Amino acid sequence: MTKPVKQIHLAAHFPGVNNTTVWSDPAAGSHIEFESFKHFAQTAERAKFDFVFLAEGLRLREQGGRIYDLDVVGRPDTFTVLAALAAVTERIGLTGTINSTFNEPYEVARQFASLDHLSEGRAAWNVVTSWDAFTGENFRRGGYLAEQDRYERAQTFLRTAWELFDSWDGYEILADKESGVFLSDPKAGTFEHHDRHFDIAGRFNVPTSPQERPVIFQAGDSDAGREFAASAADAIFGRHSQLEPGRAFYSDVKRRLPEYGRSSGDLLILPAATFVLGDTDAEAADLAVEVRRAQVSGQTAIKFLEQLWNRDLSAYDPDGPLPEIDPDLSGDSISKGRAADRLYRDRIAVANEYRAEAEAKKLSIRELMIEKTSRQSFIGSAETIATQIDELVQADAADGFILVPHITPGGLDAFADKVVPILQERGRFRADYEGTTLRDHLGLAAPGKDRHAEQPAVAAAGAVS
Amino acid sequence: MSPDPLLHLAVALDGAGWHPAAWREPDARPEELFRPGYWTRLVAEAEEGLLDFVTIEDSFGVQSADFNDVDDRVDQVRGRLDAVLVAARVAPVTERIGIVPTIVSTHTEPFHLSKAIASLDYAATGRAGLRVQISAKPYEFALVGRRTTEPVRIQDINTPEVQARIAEHFSEAADYIEVVRRLWDSWEDGAEIRDAATGRFIDRDKLHHIDFEGEWFDVRGPSITPRPPQGQPVVTALGHSTIPYQLIARAADVGFVTPHDREQARAIVEEIRAEQETAGRSSQNLHVFGDLVVFLDETQRAAEERRARLDDLAGQPYASDAHIFTGTPSELADLLADWRHAGLTGYRLRPATLPHDLEQITRRLVPELQARGLFRTAYEASTLRGHLGLPRPASRYAADSALAAL
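These protein sequences, in sequence, are chains A and B. Each residue of the first sequence is one higher than the one before, counting from 44 in the working numbering. Each residue of the second sequence is one higher than the one before, counting from 3 in the working numbering.
Excised from the complex, chain A in its bound form (with noise of 0.2 Å):
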C-alpha cells in the first residue's frame, strides 16, 4: 500500500527577541510598531499560511547584573497584537505564547474566548509555564512555586481553562426581543473548581466561542512535556527540523497518543525552522554564511560562552582562542531569564568538548560558537527549500513547519513569494483557504465531542515548557 500525500502545514514565527533576528541588516525595520506585524501577518496570509505564532518573555534577559543589549529588546503585549491583527487579516490563524505561571486562569481564558470571538474562530494558545524567580519579580505572585509544581500548575491550568471555555453550551443566548429572554439558561457559565493549585467558583462572563476552545499548543521536549502534548494539545512547537531527530521525535509523540483515544491527525508536529534562499543554492550558502556571521558577532561569541563559563569572559578576543580558565561551578548563573540556561547540566565537560573541537578544526572563540550556536534549517535555491520542506514531511519527521525568519518585517516576503507557489504548484499546499477557523486550517475537529462528556485525559505529571 502506497502511502497516502500528506498535505504540509506551514505558519510564520514573528522574529524573535534574540540573535537569530538581524536587526543591523539595512532592510530591517521596527519590532514594535503595529505595521510591522501588520505587514508580516498580511504576508503569511497571502501565502496561505496556518497562523502566525507570536512568542513571549516576561522579563528582559539580563547577563553579569545588566539588562542584555546586544538582541532586539522589546516587545507588544500578545493579546493586544493579535486581537489588532484580527482587524487587517481575515482567515489566517493567530497563535500566542501565554505563560500559565503568571497569569489566573479565569483571566486568561476569558481573554482567549474574547479573541476567538474577535477573530471569528482563529485563536490558539502556546502553553508555556516559566520556572524562574527572576521573571516572578514582575508579578504579584513573584515566584512562589517549586520547579516540579510549576509543571503540575500548567497542566491544571489549561485543565481549568478547558472547564471554563466549556461552561457554556452555545445555545444560551437567545436575545429574543419579543418574549424578552435573553438567555435560555440562568446558570450559564456556572463552573467550580477545587484542588491544590486552584480554587474558583462562579460564572464565566464569556459565551462559547466559535472555536469552542483554543487550539492548544505546546513546546516540551523531555519525556513528561511529550506526554502532556499526546494527552492535551493540538499541535507542539517542536524544535526537531532535521530528518533523523524529526522522524524519532514524530514516532515518539504519536505513539503515545491511541492511549488517549486519539489518533494521529489529532496532534500536529510542527518544528520551528529558519531558512536563506537564494537564486541559486550556492548563492543561498554564502548568504547563509553571512546571516551567521550577522547573528553572532565577535561581542555576542563572548556572550555565548560566558553564559556556558559562567564568568566575566569580555577580555577575551572572540578571534582567538577558547579560555584555558575553567566554568566557575560556585555561584548563580551570570545570565538571567533566557530559556537555554538551565540546559548546562556538566559546565567543565560541555567546556572540555568546546576547546577540544576548537583545537581540532581550528577555531576561534566566534568560529566555534557559529559552528555550535542554531544554523539555519533551510538554505537553498526556492525549488531546493521546497523539496526539502516536502521530503522532511512526506518523511514523517514533521506535519510542517514554523518559519522563523531572519528579517522583521519583511523576511517572509521572498518565501511566499517563490517557495509557496511550488509547493502549491506541486499539490503539496493550500491554493487557498478552504475554511474559516484554525480548526479548518490544520484540519483539527471542533472538541463538541469532548466537551461535556468527561474532561480529557491529562498526563498525570510533566513538564509544559
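The set of hints was computed from the structure by calculation and includes no laboratory data. Since the model is a prediction, treat every value here as computed from it, not as a measurement.
On the chain B side, residues computed to face chain A include the following (Cβ under 8 Å):
1) D74
2) V76
3) V86
4) E111
5) Y124
6) V146
7) G147
8) E194
9) I204
10) R222
11) I226
12) T227
Even for Gly, the Cβ is constructed at its ideal location relative to N, Cα and C.
The hints should help you fit chain B onto chain A, whose structure is shown.
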C-alpha cells in the same frame, strides 16, 4: 488649567446600551454583541462625530443586578468580551478617536496591563487610554480564589468599616496605576539605538528597573514593551465620593464624576481641584468630566415615551449613579453648556440604547454644539493626549539619566 473654549466629549459603550432593556429596542443588535463588527461600527460612528474618545465598559465577572451576588436573571444582557481586546480589535480600523478600555485593578497584574495598554497605544498610534475600576464584589474575588471580601450592604456604605475596605481597594488601585505609569516610563524615549558600530540594539542606561514595593505587590521592571507613542497613555477613573476623588486627583488624567445638578458639579470639581493641589499636581492638566445617561429624541415627549417603554419592558424604572437626561439634543446642549460653568471640562455620555442614542449624539448633539462654538469641527490632533490638550510628558527617569551623564 487654562480655560478651553471647547467642550470635550466621550461616549461610554456598554453592551446594547445602559438601559437594561436596551437590547430589546427595534434597532438593537443583541445577537451581534460578541462579534467584532458590532464594536467597530459603534466606534466608527463615534469617530464620525469627532468625539475625543470612547470608553468600553467591562467587569471581571458576569453582569448582575445584585451588587454582592450573581443574579439568575435571563431578561438582561449577560456575558461580555474583554474590553482591552475589543479596544485592540477596533484600533487598526479607526484613525483619530481615543480608545479607553476598562480594566479591573483588583484582580489583574499591573505588569501585564501596562504592556497591554502600551501595545494598544502602538496599535492605535497614540490613541490609547485606560479606565481603572476596582472590584469589591465577593463573587468576583471567587473567580480568582486568592483572597476573599465581605458583602457590602448598600445601607452600610458609609460605615467606617465599609469605608475602610473601599479605601483599601482604592489604595491598591493607586499603587496599580503607579506601577503601570512607571513601567510606561521605564524605557526612556530613544532607548532603542540600533548602533551597528558598537553592536548595541538599546542604550541600556535608558532602561530602568522601577523597583516598586507596596502592600499588595512588588514589581521590578523594566517593562518588556518600549515606551508607548503617547509616553503616558491617558488614565481615567470614575468616582462618586472623596476616596475615588483622591485617586482621580493624584493619579488620573481624566476623572468622571456624577453630579445631578450644576451646584453639585461645582462642589465636586472644587473638592477634586483641592485634592489636586494637595497632591502637588496643580500645574498638571486634569480633566473633570460629568457623566450623564442620555435618552435623546426629536422631542422631549418622544424621549420620555421611549424611556417609559423601556422601563415597562424592564419591569422597573431605570435608576443610575449618574444624572439621567431625557430630552432633545438641543436641550442636552443647553445643559452641557450650563454645567461647564461649574468647572467641568467635558462630559462622558452613556447612551441609554445603542445605536440610537449614540447616533443622536454624533448626528444631532455634536452639530448643535458646533453651531454654538462649543465643539471642534475637525480633529486637530492625532493622539488622544492631543485631543485633550495634554502635552506628551518626558519619562520620569529621563532626568535621572541626564544627571548621571553630567
